[in-house]
Amino acid sequence: MANLTSEDVLKLAQLSKLKLTETELKEFTNEVNEILKYVEQLQKVDTSSLKPTNQVNGLTNVMRKDDVIDYGVSKDDLLKNLPNRQDDYIKVRRVL
Amino acid sequence: MTSDWPAIKELVTSVKDRKVSALELVERSLNNIESSKEYKAIISLTKERAIKRAKEIDKRIEDGEDVGALAGIPFIAKDNFLVFGNETTAASNILKGFNAPYQSTAIERLENAGAICVAKANLDAFAHGSSTENSDFFTTLNPSDKTRVPGGSSGGSAAAVMLNMAPFALGTDTGGSIRLPATFCGAVGYKPTYGLVSRSGVVAMASSTDTIGPITKNVEDSSIVLDVMSGKDDLDSTTIDIDNLGYSNIASVDLKGIKFGIISEFMTEGVDDSVKQSINRTIDLIKSAGGEIVPISLPSQSLALAVYYILVPAEISSNLSRYDGQRYGFSDSDAKDLDSSYVNSRSKGFGKEAKRRIIIGTHVLSSGYYDAYYKKAQLVRTKIINEFNDAFSKVDFLIGPTAPYPAFKIGENINDPLKMYLADIMTVGASLAGLPAIVIPTFKADNLPNGLQIMAPQKQDRKLLEIAKSIEKEIKK
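Those protein sequences? They're chains A and B, same order as listed. The first sequence begins at 569 in the working numbering and counts up one residue at a time. The second sequence begins at 561 in the working numbering and counts up one residue at a time.
Honestly, the hints are just simulated from the structure, not real lab data. Where hints are given, some of them may not hold.
Stated by the list, open to error - Cross-link-like lysine-lysine pairs, in silico, DSS-like; alpha carbons within 30 angstroms at most:
hint, chain 1, residue 1, chain 2, residue 2
1, B, K612, A, K643
2, B, K969, B, K777
3, B, K954, B, K819
4, B, K706, B, K1037
5, A, K659, B, K969
6, A, K579, B, K615
7, A, K612, B, K979
8, A, K594, B, K656
9, B, K969, A, K594
10, B, K896, B, K935
11, A, K648, B, K656
12, B, K908, A, K579
13, A, K587, B, K1004
14, B, K954, A, K612
15, A, K659, B, K612
What the hints assert, rightly or not - Derived, one-sided and incomplete: chain B residues facing chain A with beta-carbon distance under 7 angstroms:
hint, residue
16, I818
17, Y902
18, K936
As the list claims (entries may be wrong) - Sample of chain B residues at the chain A side, in silico, Cβ under 7 angstroms:
hint, residue
19, R620
20, I621
21, G624
22, V627
23, F644
24, F698
25, L805
26, Q886
27, D897
28, L898
29, S901
30, G911
31, L939
32, T942
33, G994
We put the beta carbon where it would ideally sit given N, CA and C, even for glycine.
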């Protein structure tokens, strides 16, 4: 598989809402490529007869009653960590 | 030098018999924390709340109430557990100043059993790391050797226990983060079957492998803490039922006839001679006690690290998307619009390793690469699980070293992320398969602590604890 260029890494950073400095970009491009090179060994593994595993506890469709549960947490408890609050609203910067 | 705590069972009896008060135990804990400051194991104290709770517990005992299986026992929680009484930071700048609006289920259960959290322990930020050097705040020193790392990511927790700050500490293990610091520091580290302990209220790293477990100085203490924390939780739908007999009254068992599979891939030239020697000596003890040692080859183990470093960064990139500077945590005050607020808050708040893993994760999940990386890794994960199942049809337990070497020097691996990842080579397998695994201290390697790792099939936690207790007995003889 092809190596990532710094443009690729920049695009990934944009997708994950990160901004990298020039130095970080250069370092990360090298490091990420090294790691990707390491994991490439999986390509040679024969998995034709297998199904993917995404969780290991064997549970499916764990349901609960559609009742409102009192978690013992108030609205104020949850809003107290807001960086910017206005009444009971989360205040954010302008969108556009 | 601080003195060792008595066993938890003994301590609880003393508290209930009013020979010692919960308040005295909390004060002892706080004193030990203070006198071990140079090791930088602790991020913050929950002192006022701990003292308040200790007094409450003492009063309830005075009134004749049964306070619980951990009455008055102080403990330290890794700082990725949501706990009242001080901040929860996950050792990251992005959560500095964050005060938990609720506590994790594990903490609630421990408190309901009378235990008292006194402090939050240092970790690699967001549990990303194997040495605690990725903490955004400071590096914890190994209590056995101040020039060496305590392991990670639960380095602070393991150091705290070995420094006698409390009889137990809580860690999390996603790929070895309880087991590696346990082996590097000389503690007992327990990783339960995935789903045995609720993850509700613990900062998420990789949701399909994250587990919570105790770090203690002996197996019995570990089992008592596990018993209190484990079991189904409505707030975590990935939790499973506990063993009918629970985990608290485990007894050692006769090793005669028990088959231990020694993993050949973990005893190769890549592993330090001192580590192999330590494990071989331990194997001799097991044999003398009647245990049968069977060499087992697990060729897929060499793929486990690659699988891990695709799946886990992918899950991390998803779990860390919630840190956006809007609802909690660090928020950039210079941002002029919402998008900049997201980007600036995350870029200024996250450390290097978090960013690195987010980038890798985003790549392996992106369209065009998903099948080649993420899906392929999930397929190989199945291969690894099948191989374990096959091994367990031949042996009762799998044993081996926990890491290829004992604790490395601070700074030795920090500039080489891949080299750092390789420290997890023996621990990721159990994480990917959701198996229970324990590390118990055994013969030293190069005069440094070294632990034996024992793995069992899923849900065999009780049997694993019994066998660990039995081997611990042989080692201590």
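Item to check | Hinted pair K969(B) and K594(A), Cα distance within 30 angstroms | outcome: holds, 27 angstroms
Next on the checklist: Next item in the hint list is G911(B). Is there a CB on chain A closer than 7 angstroms to its CB?
Outcome noted: violated, 11 angstroms
Next on the checklist: Holds or violated: K954(B) and K612(A), Cα atoms, limit 30 angstroms.
Outcome noted: holds, 28 angstroms
Next on the checklist: Against the 30 angstroms threshold, does the CA-CA distance of K587(A) and K1004(B) hold or violate the hint?
Outcome noted: Violated, at about 45 angstroms.
Checklist entry - Can the hint on K936(B) be confirmed by a CB-to-CB distance to chain A that is less than 7 angstroms? => result With a minimum Cβ separation of about 5 angstroms from chain A (threshold 7 angstroms), the hint on K936(B) holds.
Checklist entry - Taking only the CA atoms, is the gap from K954(B) to K819(B) under or equal to 30 angstroms? => result holds, 8 angstroms
Checklist entry - Would the stated hint for F644(B) survive a check requiring a Cβ distance to chain A of less than 7 angstroms? => result violated, 11 angstroms
Item to check | Interface hint for V627(B), Cβ within 7 angstroms of any Cβ on chain A | outcome: violated, 20 angstroms
Checklist entry - Would the hint on T942(B) stand, with a C-beta cut-off of 7 angstroms toward chain A? => result Constraint on T942(B) satisfied, holds at 5 angstroms.
Item to check | Pair hint outcome, K648(A) versus K656(B) [Cα-Cα no greater than 30 angstroms] | outcome: holds, 14 angstroms
Checklist entry - Is the hinted pair K896(B) and K935(B) satisfied, with a Cα-Cα distance of at most 30 angstroms? => result violated, 39 angstroms
Checklist entry - Does I818(B) pass the interface hint, meaning its C-beta sits closer than 7 angstroms to a C-beta of chain A? => result Violated. Min distance 25 angstroms.
In this structure, the earlier hints numbered 5, 6, 10, 13, 15, 16, 19, 20, 21, 22, 23, 24, 25 and 30 are contradicted, and the remaining ones agree with it.
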